[in-house]
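With chain E's structure known, arrange chain P with the ligands on it following the hints.
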Amino acid sequence: MAGKQGSKLDRQKFFADPIMVTTIVLLIAFLTLFILYPLAILLVDSFLTEKGFTLDVFRRIMAMSNFRRAITNTLKVGFLVGIASSLIGLLFAYVEVYVELKTKLLEGLFKVVSMLPVVSPPFVLSLSMIMLFGKSGIITRYLLHIYDNSVYGFWGIVIVQTLTFFPVCYMMMKGLLKNIDPSLEEAARDMGASRFKVFSSVTLPLILPGLGNAFLVTFIESIADFANPMIIGGSYDTLATTIYLQITGAYDKQGAAAMAVVLLCITLLMFIVQKYYLEAKSTATLSGKASRARMMITDRSVTVPLSILCTLMALFVVLMYICVPFGALFKTWGYDFHLTTKWFAQVFTRYKGFKAFRDSFLLSLIASPITALLSMIISYLVVKRNFKSKGFIEAVSMLAMAVPGTVLGIGYIRGFSGGLFHTGILQGLYGSAAILIIVFIVRSLPTGTRSGISALRQIDKSIEESAYDMGADSFKVFMTVTLPLIKDSFLSGLVTAFVRSITAISAIILLVTPQFLLITVQINEFAEKGAYGIACAFATILIVITYTSVLLMNLFIKYFGTSRVTE
Amino acid sequence: MAKEKKGVRLEHVSKIYKDPKTKKEFYAVFDTSLNIEPGTFVTLLGPSGCGKTTTLRMIAGFESPDEGEIYLGGEPINALTPNKRDTAMVFQSYALLPHYNIFDNVAYGLRLRKYDRATIKQKVTDILALVGLEGMESRMTNQLSGGQQQRVALARALVLEPGVLLFDEPLSNLDAKLRVQMRTEIRRIQQEAGITAIYVTHDQSEAMAISDQIIIMEKGVVSQIGTPQEIYYHPKNEFVADFIGEANFLKGTLVEKNGSDDKATGVARIGEDKVEVQEVGHLNVGDPCELVLRPESAVLADEGQLPCKVVLSCFMGSYQNYHVMVGDTLVKITDFNPKNKKIYDVGDSAFVVFDPKNVHIL
Ligand SMILES: Nc1ncnc2c1ncn2[C@@H]1O[C@H](COP(=O)(O)OP(=O)(O)OP(=O)(O)O)[C@@H](O)[C@H]1O
Ligand SMILES: [Mg+2]
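For the protein sequence lines, the chains are E and P, in the order given.
Heads up, the first sequence is in this note's numbering, so the first residue is 307 and it goes up one at a time.
Heads up, the second sequence is in this note's numbering, so the first residue is 1252 and it goes up one at a time.
Heads up, a few of these hints could be off.
Computed list of lysine-lysine pairs in BS3-like fashion (alpha-carbon distance at most 27 angstroms, straight line) [claimed, not checked]: (1) Lys1583(P) <-> Lys1487(P); (2) Lys587(E) <-> Lys1590(P); (3) Lys1272(P) <-> Lys694(E); (4) Lys1502(P) <-> Lys1608(P); (5) Lys1583(P) <-> Lys696(E); (6) Lys1590(P) <-> Lys1608(P); (7) Lys696(E) <-> Lys484(E); (8) Lys835(E) <-> Lys767(E); (9) Lys648(E) <-> Lys480(E); (10) Lys1470(P) <-> Lys1502(P); (11) Lys587(E) <-> Lys1272(P); (12) Lys1502(P) <-> Lys690(E); (13) Lys1372(P) <-> Lys694(E); (14) Lys767(E) <-> Lys1272(P); (15) Lys310(E) <-> Lys1583(P); (16) Lys310(E) <-> Lys1269(P); (17) Lys767(E) <-> Lys1269(P); (18) Lys587(E) <-> Lys382(E); (19) Lys1583(P) <-> Lys1593(P); (20) Lys694(E) <-> Lys1593(P); (21) Lys690(E) <-> Lys441(E); (22) Lys484(E) <-> Lys864(E); (23) Lys767(E) <-> Lys1470(P).
To be clear about the criterion: a stretch of chain P counts as covered by chain E if any three or more of its residues have a C-beta under 8 angstroms from a C-beta of chain E, and this derived list gives those stretches [stated by the list, open to error]: (24) 1315–1323; (25) 1493–1500; (26) 1562–1573.
For the record, the hints were derived by calculation from the structure and aren't laboratory data.
Since the structure is predicted, the reported quantities are computational estimates derived from the model, not experimental observations.
Note that beta-carbon positions come from the ideal geometry of N, C-alpha and C, so glycine has one too.
So here's chain P without its partners, still in its complex pose:
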């Protein structure tokens, strides 16, 4: 549907703000370079205050980057005002024009572009059908539910057939169930329209569910860019591993290494115990290392790699939740389908068992 899918490129973009209290300048976004391919759905994910909104607003044109250049479809757009940029934004608060009805809200941008009446009518009707709001043209915005308002906001952005669609936490005002429903909807519409989308959220499951690519940000800096799988299974650092899903971190030293490419295997020592590890190409023998162990990748058994002591054992229905101490590191384990397995109690000694394939080494 889009006239032309456009890619977005950020080159060494930084934004400096003044702290209103201390008057000290700081980087809200620092030296960020991104290359977003046309037609992809990309999510900016990170904790509150990490600069997601700022990045998005620089792309939309509401903020001007202090360093670097932003390209839209290959053209530098730094000097363009928001109304001259081929972007359309869906706001967290929806920002519908409260004095217009649904039709006029969606038609607003089209009228500014001086389309004739018939075309406008056609386009608005089509887009409202796409977002599932047929027949609601004459409602006022305050006569819609949150989810419906969200759809209007989406329709209003889509109807302009922008090169890129920007979302700033569009679902955060909806209840949990609707959020799940709407995110699938947004993904479907994006695919149907074949439009480039940049989506800001701090909800990791949302990001996982809808993105082609996830960009993890921390304190104004991009930590990692990758597909959901890459980010989950191969986090680049402790922050990413911890932020996406739950993770246990076991500190140790690499004591043996076989092979020299990325796929090199080896042995790491954790406390007094040695465990086999894989994909340690980036480390040398003697280097400190860190094992990232997802709670669902490990189970408890009477025999295994790492001895531990159970400090919490809790039945959760579909899984048994354990907290165990390995040396003095707390490790969380979720053991799925515990019905016919041995259940360990607090105070029991046991072993943590995992497949070396499921452990990621930092």
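With the rest of the complex left out, here is chain E:
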């Protein structure tokens, strides 16, 4: 048919906008070079040997019993963590949405819990787990008088990861439950169903796909997690830690690359199921806005036990977080509980704490505005513009969401340490601050893009069109209309990127060179050595930084946020 003229004209109009074309070209170059290429090189590395394309490397790693064990370990942990997190998340969400909360304490705790995933640095829960339940743990040793308790291994990882990830599930499930039209449940109740029957026959079927979605999201997070298994896994290795050891310990770059490919395949597969099957289904059954307020459950035989259960669990989580600063204040954890500032002092005097603080802070500070801007640009292009390579941009930024940090780290090592395709081109990048910043950007880009996309979808398309119609080019439209309208999303993207960057570990630990000291890498190092006092001191500083920046952001949004209504 004659659709040609239309697309030709569209193309012509598109190229009449040089800033947009340049932006898109640069963006595609960036995504290709820093997301696609490192993954591609992993594939090349693991298939290409002196004998040409073979499966030799895979055969070799599959023959390693520790790798095979790592696969089953990872899947076992992920499965259990996924189930536990989504159920606990559901419990919290249900209590918040359906049960009348009487106590201020519980309301406060719910808020704290929902904040945690934003500010939680890695290791923190593992550290406190060790300090509370380990050999010299306060609870195990002093309260229960168990002297040889081991928290390391399977259960340690499962508990710590569950506590780390369930708040994410809680937030997801809360969103779903709030969208259930109360009249559905009231109708069932009217027909004589008991509370439990209503839950199992109406509520649960409605949110089942959402629950599955939460399960898979957590499953993926668990599989990709590096920090916790590293500290608390002991000899129980998961894929992420095995890959790390393979490259840092055994210097087997090819083997590590092949292992990374295996890990990537697993997460990618789950990601695709999650993204394209469950995510769409999880909201399809829900009508959207609840038609009116829900009748809260006030029956004390239900509210009291549920409230107590949630309070206890939330308190426990909070306790774990509080434990860390205290760990930095006691002389010798588990033996000498005199207060001291020596660990903090040592951080700065002996262990170059100031440099670590500065490096982490500066690198993250540089990365975050770039990330925020980039994700807003991507969201704008994906939601508001139509052009040929849009699908590519969308797909690759999605893909980044499914790539575990460890995989990305190995990809960067293989892709950039010898220059592009081992030719020496761009070799200067490796080991520089730039590559660390790029890793920060790539790691936070998907989150920012996702929030940008959902913010932009809320904006009526004709608002931008009207600006375009009045004579603004794409760049002007973006700067004067789009960006101001999604300012809140941009600001929170900025802080999220900052927090994610300063707490990042999995990819960065593989790429950092001695000239940079990063707080997270320091925590890992000292926790590995068993120097918990120092590790806790570093972690405390990290928590303070992240928490302060989140608070600052909230203040900032409150005063400079979008609602610029003046009387």
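Frame of chain E; chain P with the ligands shown alone:
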């Protein structure tokens, strides 16, 4: 006020879309040719989905035509982006920039055109006075009523003095009363500014009230172009007649024809009855024909052209509403001012009476 009134010409313009479900391509607009004179107010009218918005957006530049060429003031503009076209659009949702106040909204386009501050201030103040929003410069958009937002949208488009002003159902978000008020206002402002305007609506009374010319569209194709009177009294086909106002259609055959020009008169047979008809130049004796009878053009009487049976009779205050069967065709009749006339009841036999001048023959 406009720098230069511009005409708009569409030559064999088509737009093809892909149905998102079936993936099949279809013509949203097919082979449309229009010639809109400078300074006129033209309405695109048609049922939902007939391609009005698509046509308008092709003129604005948001969509590119798949066939044909669009001219603005004599120049082909197919390859121009919306920001480079001398058009300004008023959107259905107003599309005001919510982070700017009224002044900044109206000044937005002027600033892009790099006018100096004093000029901008002057122009904005003038245009706000024209649309009746003096003194509201510093309000935010969410502090305005729907009608006021509509005026801002209009001011914002007018202030750029575009060659042509485009409206896409600008009044559909307003309540009925305000709609009537605003449409008169829009017409007044268009006349005062002497600007070319293309206006999309699916409300026929709106189209009647404000247009110099109405373009009726059906399924992507232009059915008829004409003044409101032409469209109402001389609809080209059943669709147009039915879409504009209410119409009864009586099928018959032309059995007699006197004269050969447009004004030729004749006789048509409907069922067993014969009626006089006028303006049948386009038909030959023996041709099937269709009488378009407006409900207000006919009355009931004891004697007349077509015998009928009353099936509904309903007093509506200013008129009596009848449904009668002529043969097996339902005919609606509104008899105005029924107070001193005979009222027929359901089941009564009567005759439909009309003046042949008031009947249009298809
Ligand atoms: N982007 C698009 N992709 C595919 N089909 C489209 C697209 N935009 C419009 N259409 C289809 O083209 C046809 C004409 O649409 P258009 O918006 O021009 O109708 P309209 O006359 O303005 O109707 P309404 O009075 O409801 O606004 C419709 O069938 C519509 O579904
Ligand atoms: Mg429309």
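Here's how the hints hold up against the structure:
Proposed proximity of lysine 1583(P) and lysine 1487(P) is supported: the alpha carbons are some 21 angstroms apart, at most 27 angstroms. In summary, the hint linking lysine 587(E) to lysine 1590(P) is not supported, as the alpha carbons are separated by about 63 angstroms, beyond the 27 angstroms threshold. Distance hint between lysine 1272(P) and lysine 694(E) is fulfilled; the C-alpha atoms sit about 21 angstroms from each other, no more than 27 angstroms. This hinted pair checks out: lysine 1502(P) and lysine 1608(P) have alpha carbons roughly 18 angstroms apart, not beyond 27 angstroms.
A threshold of 27 angstroms between alpha carbons decides the hint, and for lysine 1583(P) with lysine 696(E) the separation of about 56 angstroms lies outside it, so the pair is violated. A threshold of 27 angstroms between alpha carbons decides the hint, and for lysine 1590(P) with lysine 1608(P) the separation of about 26 angstroms falls inside it, so the pair holds. Restraint check: the Cα-Cα separation between lysine 696(E) and lysine 484(E) comes to about 33 angstroms, which exceeds 27 angstroms; the hinted pair is violated. Between lysine 835(E) and lysine 767(E) the alpha-carbon distance is near 56 angstroms, which puts this suggested pair outside the 27 angstroms criterion.
Between lysine 648(E) and lysine 480(E) the CA atoms are separated by roughly 43 angstroms; this puts the pair beyond 27 angstroms, and the hint is violated. For the hint pairing lysine 1470(P) with lysine 1502(P), the CA-to-CA distance comes to about 25 angstroms; that is within 27 angstroms, so the pair holds. Distance restraint check for lysine 587(E) and lysine 1272(P): the Cα-Cα separation of roughly 19 angstroms lies within the 27 angstroms cut-off, and the hinted pair is therefore satisfied. With a C-alpha separation of about 52 angstroms, the suggested pair lysine 1502(P) and lysine 690(E) falls outside the 27 angstroms cut-off, and the hint is violated.
Taking the CA atoms of lysine 1372(P) and lysine 694(E), the gap is about 42 angstroms. The hint is violated against a cut of 27 angstroms. Between the alpha carbons of lysine 767(E) and lysine 1272(P) the distance comes to roughly 22 angstroms, so the proposed pair stays at or under 27 angstroms and holds. For the hint pairing lysine 310(E) with lysine 1583(P), the CA-to-CA distance comes to about 49 angstroms; that exceeds 27 angstroms, so the pair is violated. Only pairs whose Cα atoms come within 27 angstroms are accepted, and lysine 310(E) paired with lysine 1269(P) is accepted, the gap being roughly 13 angstroms.
With a CA separation close to 20 angstroms, the supplied pair lysine 767(E) and lysine 1269(P) stays within the 27 angstroms bound. About 26 angstroms separates the Cα atoms of lysine 587(E) and lysine 382(E), which keeps this hinted pair within 27 angstroms; it holds. The hinted pair formed by lysine 1583(P) and lysine 1593(P) meets the criterion: a straight-line CA distance of about 17 angstroms does not exceed 27 angstroms. Taken as a hint, the lysine 694(E) and lysine 1593(P) pair is broken in the structure, with Cα atoms around 71 angstroms apart against an allowance of 27 angstroms.
For the proposed pair lysine 690(E) and lysine 441(E), the alpha carbon gap of about 57 angstroms is over 27 angstroms, so the pair is violated. A hinted pair counts as satisfied when its Cα atoms are at most 27 angstroms apart, and lysine 484(E) with lysine 864(E) qualifies at roughly 25 angstroms. Of the supplied pair hints, the one linking lysine 767(E) and lysine 1470(P) holds, its CA atoms being roughly 25 angstroms apart against a limit of 27 angstroms. With 4 residues carrying a beta carbon less than 8 angstroms from a beta carbon of chain E, the segment 1315–1323 of chain P meets the three-residue requirement, and the given coverage holds.
Interface restraint, the segment 1493–1500 of chain P with chain E: violated (0 residues with C-beta to C-beta distance below 8 angstroms; minimum three). Taking a C-beta to C-beta cut-off of 8 angstroms, the segment 1562–1573 of chain P contributes 0 residues in contact with chain E, too few for the three needed, and the coverage statement is violated.
Consistency note: the structure conflicts with the earlier hints numbered 2, 5, 7, 8, 9, 12, 13, 15, 20, 21, 25 and 26.
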